[in-house]
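**Student:** As given, the protein sequences belong to chains A and B, one line each in that order.
My numbering applies: residue 40 is where the first sequence begins, and numbers increase by one.
My numbering applies: residue 82 is where the second sequence begins, and numbers increase by one.
For the record, the hints were derived by calculation from the structure and aren't laboratory data.
Some hints here could point you the wrong way.
What the hints assert, rightly or not - With a straight-line Cα cutoff of 30 Å, these simulated DSBU-like cross-link-like pairs (lysine-lysine) come out: (1) A/K49 / B/K87; (2) B/K87 / A/K48; (3) B/K171 / A/K49; (4) A/K215 / A/K289; (5) B/K87 / B/K243; (6) B/K171 / B/K87; (7) A/K48 / B/K244; (8) A/K167 / A/K49; (9) B/K244 / B/K171; (10) A/K273 / A/K215; (11) B/K243 / B/K171; (12) A/K167 / A/K289.
Keep in mind it's a predicted model, so treat the numbers as computed, not measured.
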Amino acid sequence: MSRLPPLLKKLLVLLLFLILQAGAIVLLVNNSYFQQNAILGTVRSWQTRWWERRSSWTAFTRLRVTNDELALENTRLRRELARLSDMEDILSAAEQGKLAVSDSFSFIPARVIRNSVSRQHNHIVIDKGFADGIRPDMGVISARGIVGVVAQVTDHYAMVISLLNTEQRFTAELLKTGTFGTLRWDGVHYRRIFLSEIPQHIDISMGDTVVSSHFSLIFPPGIPIGSVRLGSLKKGTFLELEVELFSDFKTLRYVNVVSHSGIKELRQLTGMEKEDDL
Amino acid sequence: MNDVLKYILRFVVIMAAQLLLFEGLNLGTYLYPMPYILFLILFPCSYPTAWLMLWAFAFGLGLDTLSTGIMGLHTSSFVLVAALRNSLIKTITVKGDLDNLSAPGFVQFGSVRFGFFVLLCVTVHHLVYFTLESLSLFLFWQTLARFLCSMLLNVFLILLFKKTFYERGR
Chain A
40 MSRLPPLLKK LLVLLLFLIL QAGAIVLLVN NSYFQQNAIL GTVRSWQTRW
90 WERRSSWTAF TRLRVTNDEL ALENTRLRRE LARLSDMEDI LSAAEQGKLA
140 VSDSFSFIPA RVIRNSVSRQ HNHIVIDKGF ADGIRPDMGV ISARGIVGVV
190 AQVTDHYAMV ISLLNTEQRF TAELLKTGTF GTLRWDGVHY RRIFLSEIPQ
240 HIDISMGDTV VSSHFSLIFP PGIPIGSVRL GSLKKGTFLE LEVELFSDFK
290 TLRYVNVVSH SGIKELRQLT GMEKEDDL
Chain B
82 MNDVLKYILR FVVIMAAQLL LFEGLNLGTY LYPMPYILFL ILFPCSYPTA
132 WLMLWAFAFG LGLDTLSTGI MGLHTSSFVL VAALRNSLIK TITVKGDLDN
182 LSAPGFVQFG SVRFGFFVLL CVTVHHLVYF TLESLSLFLF WQTLARFLCS
232 MLLNVFLILL FKKTFYERGR
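Just chain A, with the same shape it has in the complex:
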């Protein structure tokens, strides 16, 4: 040992000291509960401090993943919110007697699984079908207005002709005066639609609410659709109003399919064509 270089010798002595001391501490910890708790408690607190620091670091490096997860979570919650607010709207409307729910209209909630707003003939696919009581020509509404009308139905899915479809016409009326006209999309902007065939003498002001018509067989009356922005004279006889839609079709998630129990009878009675139902 005396032949070793002094530094190495010192290191060896230090090592021996540490080993012996460690042995003593191990004995101490193993044989006494109090010392065990005190020492292990200190070790634990260091450990947790280290874990905290490490987790804060890894949390920082994982921010991207966390963001994605949060975005997904947000979407899920937003859907849930939309669904619940839909339900709430319908319930409160039913309570106020605006919708004759008990009379003839009932609602089937459905989720939008495909949607488009950018084509001339936009369609929406919902996840309810024949098995859920959906039939062709039923109306579809959302919390913020009319969505469209059911065109084709399979067992578990249904295709809805969107309000944003240049081929489709709907009947709507002005809430203030009750004047009804035809609702038509010009295929340009997904939040802008036109209400035509309004007589000239009707007093129109900007912001007037357009609602679903009382004469419609497939929509409950008084469902808000949009507000009037501009009016212009067309062909010298009727006014054509530009209506800004309340509902944003891009964010459409949950809809309600309207089923009208008396529609068959009414059709027999009036002999109306399908086109006139709207």
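Please build the complex by placing chain B on the supplied structure of chain A, with the hints as guidance.
**Tutor:** Chain B in isolation, oriented as in the chain A frame:
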């Protein structure tokens, strides 16, 4: 006599004295006689630290095992004293003196310096011992009082025994 045999004999005698006499003495809460620290002080000044620590470990382990105290307390504090002993000697002696000094003692160091050396050793030992024993600031003042009282007692005892048993005839 062979040195190692001498150390072993010393080991046994001091251990026996500590176990049979001083552990049995009940001097109250504040006085804990631990004159066995003398065992390390008696080694020659140039004795290697590594061996010193091994002796201390063996002694502390024996004491911890045979006494009724908590395992590891004596071992831990005694090993630290062994680790620091040679450095302490170097600190309190004049450089160059070390070659002439066979073992720490009144004559070799001078009474005051030897007393100071013993005080340092005992302080190191007791510091570790009472810290590990209490391991909290609960009863801090009581622990401090135990530390100080026991320290004074043990310094006194060690100096006394050194004078009485190892420096007769000088």
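**Student:** With reference to the structure, classify each hint as holding or not holding.
**Tutor:** So, going through the hints one by one against the coordinates:
1. A/K49 / B/K87: 27 Å, holds
2. B/K87 / A/K48: Given that 30 Å is the threshold and the Cα spacing comes to 26 Å, the pair holds.
3. B/K171 / A/K49: Since the Cα atoms of B/K171 and A/K49 sit roughly 15 Å apart, the hinted pair holds (cutoff 30 Å).
4. A/K215 / A/K289: 28 Å, holds
5. B/K87 / B/K243: Given that 30 Å is the threshold and the Cα spacing comes to 16 Å, the pair holds.
6. B/K171 / B/K87: 25 Å, holds
7. A/K48 / B/K244: Distance of about 34 Å is beyond 30 Å: violated.
8. A/K167 / A/K49: With a Cα-Cα distance of about 82 Å, the restraint between A/K167 and A/K49 is violated, given a limit of 30 Å.
9. B/K244 / B/K171: 22 Å, holds
10. A/K273 / A/K215: 22 Å, holds
11. B/K243 / B/K171: Judged against 30 Å, a Cα distance of about 20 Å means the pair holds.
12. A/K167 / A/K289: Holds. A/K167 to A/K289 sits at ~20 Å (cutoff 30 Å).
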